[in-house]
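Visitor: Starting from the known structure of chain A, fit chain B onto it as the hints suggest.
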Amino acid sequence: MHLGHTHDGPAAVSADATRPDGTRRALRIGLGGPVGSGKTATVAALCRELRDRLSIAVVTNDIYTREDAEFLLRNAVLPPERIQGVETGACPHTAIRDDISANLEAVEDLEEAVGPLDLILVESGGDNLTATFSKGLVDAQVFVIDVAGGDDIPRKGGPGVTTADLLVINKTDLAPHVGSDLQRMARDAKEQRGELPVLFTSLTSAEGVGPVADWVRVQLAAWTA
Amino acid sequence: MSRAALLVLADGRFPAGGHAHSGGAEPAVTQGRIRDADDLAAFCRGRLHTAGLTAAALAAAAAHGLDPLALDEAADARTPSPALRATARKLGRQMMRAARATWPSPELDALATARPRGAHQPVVLGLTARTAGLGPEDAAHCVAYETVSGPATAVVRLLSLDPFHATAVLARLAPELDEVAAQAAEAARHGIDALPAASAPLLDITAEAHAAWPVRLFAS
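Top to bottom, those sequences are chains A and B.
The letter at position 94 of the first sequence is residue 93 when you use numbering that gives the first Met the number 0, and the numbering goes up by one with no holes.
The letter at position 74 of the second sequence is residue 73 when you use numbering that gives the first Met the number 0, and the numbering goes up by one with no holes.
To be clear, the hints were calculated from the coordinates, so they are not data collected in a lab.
Here the structure is a predicted model, which is why all the values come from computation and not from measurement.
Hints should not be assumed to be uniformly reliable.
[To be verified] Looking from chain A toward chain B, a few residues come up when the C-beta cut is under 7 Å (computed):
#, residue
1, Tyr63
2, Gln83
3, Glu86
[To be verified] Here are the computed distance ranges between Cβ atoms for each label pair:
#, chain 1, residue 1, chain 2, residue 2, range
4, A, Arg50, B, Glu106, 20 to 30 Å
5, A, Pro115, B, Glu106, 28 to 38 Å
6, B, Pro162, A, Thr162, 23 to 33 Å
[Said to hold, decoys possible] Residues of chain B clear of chain A, computed beta-carbon distances all greater than 12 Å:
#, residue
7, Leu6
8, Ala9
9, Glu25
10, Ala40
11, His48
12, His63
13, Asp66
14, Asp75
15, Ser80
16, Glu178
17, Ile191
18, Pro195
For each residue, glycine too, the CB sits at the ideal point set by N, CA and C.
Chain B extracted, bound-state conformation:
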């Protein structure tokens, strides 16, 4: 296990397309549910313990060595919004391109061949972590962190929120991130059927509406 490899994979500059997505923050800002750093913290906490936990467990399971195609179906079943399924596959395809350039492996090639339009991003990330010599908990940490860092970065752009306050929100969430990652990795040890299926209905609903906006800053 290389701790530095985890830093490379978790780096917000890892070129896998995340910068164009707000994780549901754009509709929340437009509808007045995120107006300041406190609102951002509440939004991130909600996303982390619902969609974040589910995604982190999928990634942990892929890193653990469970069948990525079965996990991809499990991810579909856990993502009721068609817009979010499309986003997850799009980001998965972008993650796959970056992964195959950075940590090439036959396992990644096989998944890319089986899902040329992209597998769900957390599954690809988990498999990437595995290829990079990282463990299930590392993969879960990565995904859990992305779940909150994406909206935080987006809100800095959308609201001109003080970037120090946004980063402080992430720092305060660290203990909960650890908790969610541990929970996700534990679930992954018990097989696909034991993976959590938590979701945030409001995120699903607003994602569907956002996908139809004619003018928006973020792709999702």
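Here chain A stands alone, though its shape is the one from the complex:
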């Protein structure tokens, strides 16, 4: 038995960087974070910002509805054939970390149906602060929190806040209304994350998702280099 050999059979197994035909596959970026922090809105804004230059698809992991996928469809950020929902049996963290098979299938189906793709965004349903993506599923992950969820979340840490490749602190426009201290959040995040980047966003402002889109472009440049 040759455990761990490379496959020449059909379909890549998980994180293989190339497609079965040998070309480099799409970059896969995961977006996770608590309920209501603005993950779907961030995905929608990223699609609008990047879709003219890049071939994009989205996989959503809703908890019990197709709401996230339908939000993206309703807002027509991408044609419907570029958006696929995965059902998670009430546990998005299982589907994005412990048993990624349904998500990998969705990724492969999208590549097959509308590929070649440059970028696949994999969105987790809202979950807890420990929910992170498997390295077998995504190449980089973004953790989205918001100022209204409590300015102590960066201090509390947890795998999402401390280890994500990018921490996005969203809804900065609400900070004065909910009494959140942005400087404290930045300081706490820095303490938890060291050199890992943190971006503050307000999707309703003119700058919007711009800084996150720039970060994605840098990841993509490194992936295709």
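Guide: What follows is chain B alone, placed relative to chain A:
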């Protein structure tokens, strides 16, 4: 034969997609047919001796070395619900991915090539068991156990049922699981045409309805 390999394959954490499926328990809970541990036991017993026996025999036959493509057709013929055929193929495709990463073999590669959208899950599981050096009865045990452990786990989430009670239900079913696995393995020795074709019409009907629900926790 490695007993430890059987534990790896039968582990509920084996990453083959089962966690998102309730085995028909979600509609049964919603329609009030499962309300407590006793109901869960009755549901599991019914599923085990019908759909469970059929699936276990398909897995045993694949582990025995019968042609997996012929078995895949036999599985189609034994699954009247289109929604359940789709689910079986989806889970088969997920099982295939996990199997090819854990116990790679030319036999698995050949089936994956012939059925890129997935073969029926019990057939893939049986072939996986064969590749892992396990026998027909092991494969049958695995599938029989999945038939009842899936609904039990789902009901813990759906009803907030005491997890100790749910696990006790599984433990009480152990002698019947052994029986069904033995029956399935015996049938597999007599060829494809001797495989059982038991089914549970209510599970077929509710699976069709569940597949159309706009809001649900489980994929099936």
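Visitor: Take a look at whether the Cβ-Cβ distance between B:Pro162 and A:Thr162 falls inside 23 to 33 Å.
Guide: Hint holds: Cβ distance 30 Å, inside 23 to 33 Å.
Visitor: Does B:Pro195 sit more than 12 Å from chain A, CB to CB?
Guide: 28 Å, holds
Visitor: Verify this label for me: B:Leu6 is non-interface relative to chain A, using a Cβ-Cβ cutoff of 12 Å.
Guide: 17 Å, holds
Visitor: Verify this label for me: B:Ala9 is non-interface relative to chain A, using a Cβ-Cβ cutoff of 12 Å.
Guide: 15 Å, holds
Visitor: How does the Cβ-Cβ distance of A:Arg50 and B:Glu106 compare with 20 to 30 Å: does it lie in that range?
Guide: 43 Å, violated
Visitor: Does the Cβ distance between A:Pro115 and B:Glu106 fall inside 28 to 38 Å?
Guide: 31 Å, holds
Visitor: Tell me if A:Gln83 is really an interface residue toward chain B, meaning its C-beta lies closer than 7 Å to one of theirs.
Guide: 13 Å, violated
Visitor: Please confirm whether B:Ala40 is truly not at the interface, meaning its C-beta sits more than 12 Å away from all C-beta atoms of chain A.
Guide: Check passes; 22 Å lies beyond 12 Å.
Visitor: Would the non-interface assignment of B:Asp75 survive a Cβ cutoff of 12 Å against chain A?
Guide: Holds, because the least Cβ-Cβ distance between B:Asp75 and chain A comes to about 20 Å, which exceeds 12 Å.
Visitor: Identify whether the interface hint at A:Tyr63 stands, where standing means a beta carbon of chain B within less than 7 Å of its own.
Guide: Since the shortest Cβ distance to chain B is 5 Å, the answer is holds.
Visitor: Verify that the Cβ of B:Ile191 lies farther than 12 Å from every Cβ atom of chain A, and report whether the claim holds or is violated.
Guide: 25 Å, holds
Visitor: In terms of Cβ atoms, is chain A entirely out of 12 Å range of B:Glu25?
Guide: 9 Å, violated
In terms of the numbered hints stated before, the structure departs from hints 2, 4 and 9, listed from lowest to highest.
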